[in-house]
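Peer 1: Each chain, letter by letter, is given below.
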Amino acid sequence: MTITEVKEASTARAVLAASERRRPLASRPPRDLQRTFQLVLATIWLLDAVLQLQPFMFTRGANGFSGMLTNLAAGNPSWFHRVVTWNASIVYHQPILTDAAFAGIQFLIAFGIIYKRTLKPALVLSIVWAIGVWWFGESAGEIFQGRATPFGGGPGGVLFYAVLAVLLWPSDGSDKPFVAARTVGVTVAKAVWVVVWGLLAVLALAGSGRSPQALHDLIAGVNNGQPGWLARIDRSSESLFLHHGTTIAILLAIVCVVVASGVFMPPQIAQITVVLAIVVFALIWIAVQNFGGILAGGATDPNSGLLVMFLALIYWPLTTDRATPSADSAPLVLETKED
Amino acid sequence: MAMSTPSSLYYLFGVIMLAVAAYCLTLLTLSLATNRPAGRDVEISHIFMGVAMAGMFVGQWAFGRNAVWELIFGVLLVWFVVQSIQSIRQYGLHLPHALIHAIMNFAMLLMYWYPMGSSSASGAMSMSSGGPKLDPGLAFVVAFILFASAVFTLASPNKGASHFGSHAPAWAVVGTSGTDAEHHDAAAGSSAALRIEQAMATPSLVDVSHVVMCVGMGFMLLLMT
Numbered sequence: 001m002t003i004t005e006v007k008e009a010s011t012a013r014a015v016l017a018a019s020e021r022r023r024p025l026a027s028r029p030p031r032d033l034q035r036t037f038q039l040v041l042a043t044i045w046l047l048d049a050v051l052q053l054q055p056f057m058f059t060r061g062a063n064g065f066s067g068m069l070t071n072l073a074a075g076n077p078s079w080f081h082r083v084v085t086w087n088a089s090i091v092y093h094q095p096i097l098t099d100a101a102f103a104g105i106q107f108l109i110a111f112g113i114i115y116k117r118t119l120k121p122a123l124v125l126s127i128v129w130a131i132g133v134w135w136f137g138e139s140a141g142e143i144f145q146g147r148a149t150p151f152g153g154g155p156g157g158v159l160f161y162a163v164l165a166v167l168l169w170p171s172d173g174s175d176k177p178f179v180a181a182r183t184v185g186v187t188v189a190k191a192v193w194v195v196v197w198g199l200l201a202v203l204a205l206a207g208s209g210r211s212p213q214a215l216h217d218l219i220a221g222v223n224n225g226q227p228g229w230l231a232r233i234d235r236s237s238e239s240l241f242l243h244h245g246t247t248i249a250i251l252l253a254i255v256c257v258v259v260a261s262g263v264f265m266p267p268q269i270a271q272i273t274v275v276l277a278i279v280v281f282a283l284i285w286i287a288v289q290n291f292g293g294i295l296a297g298g299a300t301d302p303n304s305g306l307l308v309m310f311l312a313l314i315y316w317p318l319t320t321d322r323a324t325p326s327a328d329s330a331p332l333v334l335e336t337k338e339d
Numbered sequence: 001m002a003m004s005t006p007s008s009l010y011y012l013f014g015v016i017m018l019a020v021a022a023y024c025l026t027l028l029t030l031s032l033a034t035n036r037p038a039g040r041d042v043e044i045s046h047i048f049m050g051v052a053m054a055g056m057f058v059g060q061w062a063f064g065r066n067a068v069w070e071l072i073f074g075v076l077l078v079w080f081v082v083q084s085i086q087s088i089r090q091y092g093l094h095l096p097h098a099l100i101h102a103i104m105n106f107a108m109l110l111m112y113w114y115p116m117g118s119s120s121a122s123g124a125m126s127m128s129s130g131g132p133k134l135d136p137g138l139a140f141v142v143a144f145i146l147f148a149s150a151v152f153t154l155a156s157p158n159k160g161a162s163h164f165g166s167h168a169p170a171w172a173v174v175g176t177s178g179t180d181a182e183h184h185d186a187a188a189g190s191s192a193a194l195r196i197e198q199a200m201a202t203p204s205l206v207d208v209s210h211v212v213m214c215v216g217m218g219f220m221l222l223l224m225t
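Protein sequence lines, in the order shown, are assigned to chains B and C. Position 195 of the first sequence, counting from 1, maps to 195 under my numbering, and the rest follow consecutively. Position 164 of the second sequence, counting from 1, maps to 164 under my numbering, and the rest follow consecutively.
All clues stand as given, with none of them false.
Example chain B residues on the side facing chain C (calculated, C-beta under 10 Å, incomplete): (1) A100; (2) I113; (3) K116; (4) G297.
Negatives, chain C to chain B, calculated, CB over 12 Å: (5) L18; (6) A22; (7) L25; (8) L28; (9) L32; (10) A33; (11) G59; (12) A62; (13) G64; (14) V81; (15) L109.
Just a few of them, taken from the derived set where beta-carbon distance is under 8 Å, the chain B residues facing chain C: (16) T43; (17) I96; (18) P227.
Derived by calculation from the structure, the hints in this document are not laboratory data. Please read these numbers as outputs of a predicted model, since none were measured by experiment. Yeah, the Cβ is synthetic: ideal placement off N, Cα and C, and Gly gets one too.
Starting from the given sequences, assemble the full structure and let the hints guide the process.
Peer 2: The structure is reproduced here in structure tokens:
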């Protein structure tokens with residue numbers, strides 16, 4: 001292309017741009033909700049990847065990442081104890097190498113989800129990685145220790161990444177009745193919802209989930225280093241759990257059952273149950289999980305509260321049909337280099 | 001136990017920040033040479049951010065008084081807030097393109113107002129470790145917004161809008177992404193500059209520079225929690 005041609009083409013584009021800007025705005029095109037949720041998932045993976053670069057992650061010893069992993073081994077059956085400590089010992093001996101690799105994989109997942117060409121491999125990688133982290137890094141959500149209460153993140157925050165990857169697997173079609181059903185279908189999506197909330201209900205009551213002292217200790221264990229306003233919230237919730245812990249655990253189980261059944265209700269009632277789920281887990285995420293410990297500078301992920309809320313959002317009943325924007329209606333992109 | 005974060009990680013981030021600043025300086029120079037007015041505010045903003053962030057990651061690279069940097073980012077913050085307001089007044093309620101740049105400049109101000117302690121790799125920022133501490137909740141929220149901006153910028157069909165957005169909502173100017181819409185004021189500028197600009201100011205590159213800046217700033221904010 002000659003310089004003259006470049007100038008002419010550029011001038012034409014500038015004129016086109018000016019006319020476009022003066023054009024009265026058309027109505028906003030429908031947003032591809034599944035794509036939007038995929039990008040939100042990528043954002044959370046990006047957050048996780050950057051959290052993996054925190055100084056203590058590269059630190060060897062009790063105050064480091066390997067120490068955190070070792071602490072999770074206590075209370076497990078001996079065979080599983082060995083699995084967790086084996087993983088922790090690898091991290092202990094090669095903290096920089098392993099942590100850089102862990103961060104790299106999470107960056108790969110985050111940026112892989114962004115591009116449509118790499119979306120599916122990235123989602124597959126995220127499922128494999130999530131299950132691996134759940135088993136080796138989260139001590140299987142502390143299920144074997146009987147401490148897998150939803151208040152603390154049970155059955156393991158990282159498992160929700162895998163569930164979200166499955167439910168947000170890309171496909172064309174309608175987002176109705178909710179985005180989660182777009183790929184796997186309504187029946188499977190409803191089954192997943194019931195299993196998730198049924199499991200949360202069981203874990204709220206099983207093991208230490210209903211024990212006031214255990215829940216009190218749970219909060220006491222995470223409130224070190226929190227900002228003042230969050231520490232004040234912690235003190236209130238510690239007191240609440242110490243005196244009404246069992247009652248609150250039973251209430252949470254009831255809420256989980258109600259939310260689980262919401263998916264079979266008419267859309268308006270289902271919306272109420274989704275709001276209930278989001279509000280309850282927002283409270284848990286803030287007042288009990290303390291944002292996964294991120295604000296205290298000692299977290300590898302935001303814990304389950306944020307992800308449960310995210311999961312609830314993709315089950316939001318849509319009362320109007322929102323078909324996936326077709327390729328024809330996709331925004332036109334003019335790439336300078338291709339001109 | 002002393003922090004064992006490899007210092008090379010901070011140096012890597014510092015070098016990347018400087019690379020973004022150098023890239024934006026090149027774009028700014030080219031835009032002056034070709035009389036392309038669009039995106040200069042973002043380029044100026046990214047130049048200052050890149051240099052300042054490099055000084056935060058590597059203390060020895062920091063220079064200038066904090067008050068001067070605060071003044072620069074304060075002015076840029078006001079500029080982008082005004083741009084956002086104008087965009088909303090012109091196009092109705094939406095998330096203006098300029099808003100993320102306002103948030104980025106706000107983040108820079110936070111970093112100067114609440115310098116982090118000795119846990120940083122930065123010598124410059126560790127000077128006032130005894131001062132007030134940035135609320136980790138605010139740092140987390142701003143960092144999350146920056147990460148979201150990075151992700152949605154890369155996924156946006158409106159390539160190049162991170163630098164050359166017309167401050168109109170993306171869906172209102174589809175097909176007019178900055179490098180196409182306003183980037184080439186072909187009537188002016190030297191042909192050599194135009195050719196170089198064609199090569200340098202690709203939509204993908206300018207988006208990547210924005211994404212790198214967002215991730216670097218988000219990382220620094222999380223380090224401050």
